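**Student:** From first to last, the protein sequence lines stand for chains Z and B. In terms of this note's numbering, the first sequence is numbered consecutively and its last residue is 420. In terms of this note's numbering, the second sequence is numbered consecutively and its last residue is 420.
No lab work stands behind these hints: they were computed from the structure. Model, not experiment: these values are computed from the prediction. Some hints could be false.
Put simply, identical chains are the same to the list, so a pair is met inside one copy or across any two.
Unchecked claim - Computed cross-link-like contacts, EDC-like style, restricted to lysine to aspartate or glutamate with a CA-CA straight-line distance of at most 20 Å:
hint: 1; residue 1: 274; residue 2: 258
hint: 2; residue 1: 272; residue 2: 349
hint: 3; residue 1: 5; residue 2: 50
hint: 4; residue 1: 274; residue 2: 315
hint: 5; residue 1: 274; residue 2: 310
hint: 6; residue 1: 274; residue 2: 115
hint: 7; residue 1: 161; residue 2: 392
hint: 8; residue 1: 5; residue 2: 47
hint: 9; residue 1: 274; residue 2: 50
hint: 10; residue 1: 367; residue 2: 204
Below, each chain spelled out in residue letters.
Protein chains: 2
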Amino acid sequence: MKIELVTVGTELLLGFTVDTNSAWIGRALAEIGVHVVRRTSVADTPDAIHDAVDAALARTGAVLTTGGLGPTRDDVTKYVVAELLGMPLRFDDAIWAMLGERWARLGRSLVESNRSQAMVPTGGTVLPNQWGSAPGLWLDAPRGIVIMLPGVPTEMMKLMTHEVLPRLAGQGDGRVIRSAVVRTSGIGESVLAEGIGALEDELLPLSLAYLPGVTGVDLRLTAWGLEMAEADARLADATARLHANIGVHAWGDGDDDLAALLLDALRAKGKMLAVAESCTGGLLGARLTEVAGASAVFLGGVLAYADAAKRELLAVDQQLLTNHGAVSGEVAEAMARGVASRLGADLAVSITGIAGPGGGSPEKPVGTVWMAFAVNGAVTSQRMQFSGDRAEVRARAVQAALFGLWRLVTSANPALL
Amino acid sequence: MKIELVTVGTELLLGFTVDTNSAWIGRALAEIGVHVVRRTSVADTPDAIHDAVDAALARTGAVLTTGGLGPTRDDVTKYVVAELLGMPLRFDDAIWAMLGERWARLGRSLVESNRSQAMVPTGGTVLPNQWGSAPGLWLDAPRGIVIMLPGVPTEMMKLMTHEVLPRLAGQGDGRVIRSAVVRTSGIGESVLAEGIGALEDELLPLSLAYLPGVTGVDLRLTAWGLEMAEADARLADATARLHANIGVHAWGDGDDDLAALLLDALRAKGKMLAVAESCTGGLLGARLTEVAGASAVFLGGVLAYADAAKRELLAVDQQLLTNHGAVSGEVAEAMARGVASRLGADLAVSITGIAGPGGGSPEKPVGTVWMAFAVNGAVTSQRMQFSGDRAEVRARAVQAALFGLWRLVTSANPALL
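Bound conformation, chain Z alone:
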């Protein structure tokens, strides 16, 4: 089955809104073997919507629209499509009752303009919307299928998941496009490619894409046009092969977050973590505490931005700062030791570096970062060089710290943790 998307909204054409709905819908449909072959965005005007839906029906016979289902004068999608398909509107008492209940819960009462939201094309199927006020609509007419969803992203996603995808499942040709992602850190794209290049042929017919970013290189495996069971089996097998081949650098899959995995691993071992941040200024702490339940294993730490903070809060010796500079292995080690001992942490990490744009020198260019790890009182440090602007250097440094901690916590070496 093929389908076209028609997204309605003048704000899309003017660029006031970025169309994230289309990408989400494209992925969700491809995963069940329904292929989006064209996407059109038009203004909230009857003629533009009419032309776009009419042409899509003629070309493809199936259309999914988003937007233009609300109660205001600009919301005309339903009227245009009902007329196009010759399905006159009728007032639906069930929708009206549901709207009344919803409004009552919010402590408001319905007004006349809400009546338009209870009008539905005769012969169409109502897709109940528990997450907002405009129901979705599914029209099956001689000219083809038109599915209409609201443009609010949360409502669109809920209606897709609960109403549209179950109805479309099995209507595809059985050939799906599905992906899996293996997440890596601490290894460059080219080294990675050298390591797994030989594997690529063995993974066929799956394709492999390298997606480098500030958290490392994500590897996206895609099965194109296989049957669902075969696609999933091949993706699972290929994911396992990549993990086996890449080893410790492949720390997760899909939407995995390294901070969350690290906190889980610490919890499993009953170990407590502390951090000392200079150039990242809180970004590492923010990543860790973004995860609910972080308090079980994260004690906190120090934003040792100025030298005074390094001395006062972490007992870093002024002599070290003078002799080696704040960005040095010596200072990084003193910071990690200081925060671990102040807070009684089993594990601590420190980050001190030059995020830029200023502050670089020939010996320590922008992107130079020293990092130290304190494990049960023993401290090691390493120098790293990151590329990119200030935001990228900081994000890469935080990810490197998380990855270093992750390696220590998941190591089989009992001397570590």
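Let chain Z serve as the given structure and place chain B on it in line with the hints.
**Tutor:** What follows is chain B alone, placed relative to chain Z:
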């Protein structure tokens, strides 16, 4: 002048890529009075591209395409459009030389497949691309104008800014759509609407939109279809009126960042800042140090996540923690006092609260946040209640802290700072 966008790429239809280019282009064109009337996304196949460009030319007479200009087999946009407009391709020596120089700088040499990137439609104008390898193209044919740009966002934006917008300026009908944004914090949408509601009529023909988010409510003023000079004059006047009417809550315009403005104000007064964060876990420090040059006025602080960190690093009395709980005015004040005194800061803020999803109680539900400000040794605290999930509560708390600091630093009261 009206124009249509045709964005080319199978990855757009599959949802592997979110089409952010279209929104950027839509805004940039509207600002010079060129109106995007339709946007179509198609796969990298010659037929699909041909149909979409052909129909757009017939309807509107002007088309801007993105994507499909690279050196691989999938990149067919140029070939399809050249054939459609009857402008046969020729090899361009200047482009070939520029590519060679670019490759040499990157330490690589050109291969045969790169030759395709030097092929241009005869009679077309080359838009030199210093930021990537595929030049843009401008074709002016009897059927209309087709502008082709690469799909890489940075390259597209540079070519739009330096090559396309200057050529299109003045080709519009002189009627532009331009916006200005006034940024507010610390005041709810409904209170704001009550305060400036009476102003709305006076601002006509500008429209006013309320855009609530975690940093507060942004107010977007839009001039629709005025001449550029008039639009800009009216926007400047309306922006000034909103500021005068809203007062201190309106802290900035456009893309202003409250953290950057706060750091500038501290620098102007020669005052040093420190922070103590519990539930925000580093997010406030991260926001401040995202700004280059923060080190001139930001000393650092403490991530006092666990009680042990509050006691050890901020000298918060265990008795206060036991009697009032970590989320209390007493503890917030002790945290602010502690960090200010440890680091010798002129100004300090502390944040302690319940970000959720767990940890709430009837007396202190999720979203309860206590915040304290220490100014030259004097400390005040306030309780706030934020809505939303964990991420939203944290982001709102950080913005409230920045806004509180901003009010103190910009106050005319000499007793403050």
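**Student:** Run every hint past the structure and note whether it holds.
**Tutor:** So, going through the hints one by one against the coordinates:
| no. | hint | result |
| --- | --- | --- |
| 1 | 274 / 258 | neither (25 Å within a copy, 42 Å between copies) |
| 2 | 272 / 349 | within (11 Å within a copy, 42 Å between copies) |
| 3 | 5 / 50 | between (24 Å within a copy, 16 Å between copies) |
| 4 | 274 / 315 | between (26 Å within a copy, 19 Å between copies) |
| 5 | 274 / 310 | between (29 Å within a copy, 17 Å between copies) |
| 6 | 274 / 115 | neither (61 Å within a copy, 57 Å between copies) |
| 7 | 161 / 392 | between (38 Å within a copy, 18 Å between copies) |
| 8 | 5 / 47 | between (25 Å within a copy, 16 Å between copies) |
| 9 | 274 / 50 | neither (64 Å within a copy, 60 Å between copies) |
| 10 | 367 / 204 | neither (42 Å within a copy, 58 Å between copies) |
Violation of the numbered hints given earlier is confined to hints 1, 6, 9, 10; the remaining hints are satisfied by the structure.
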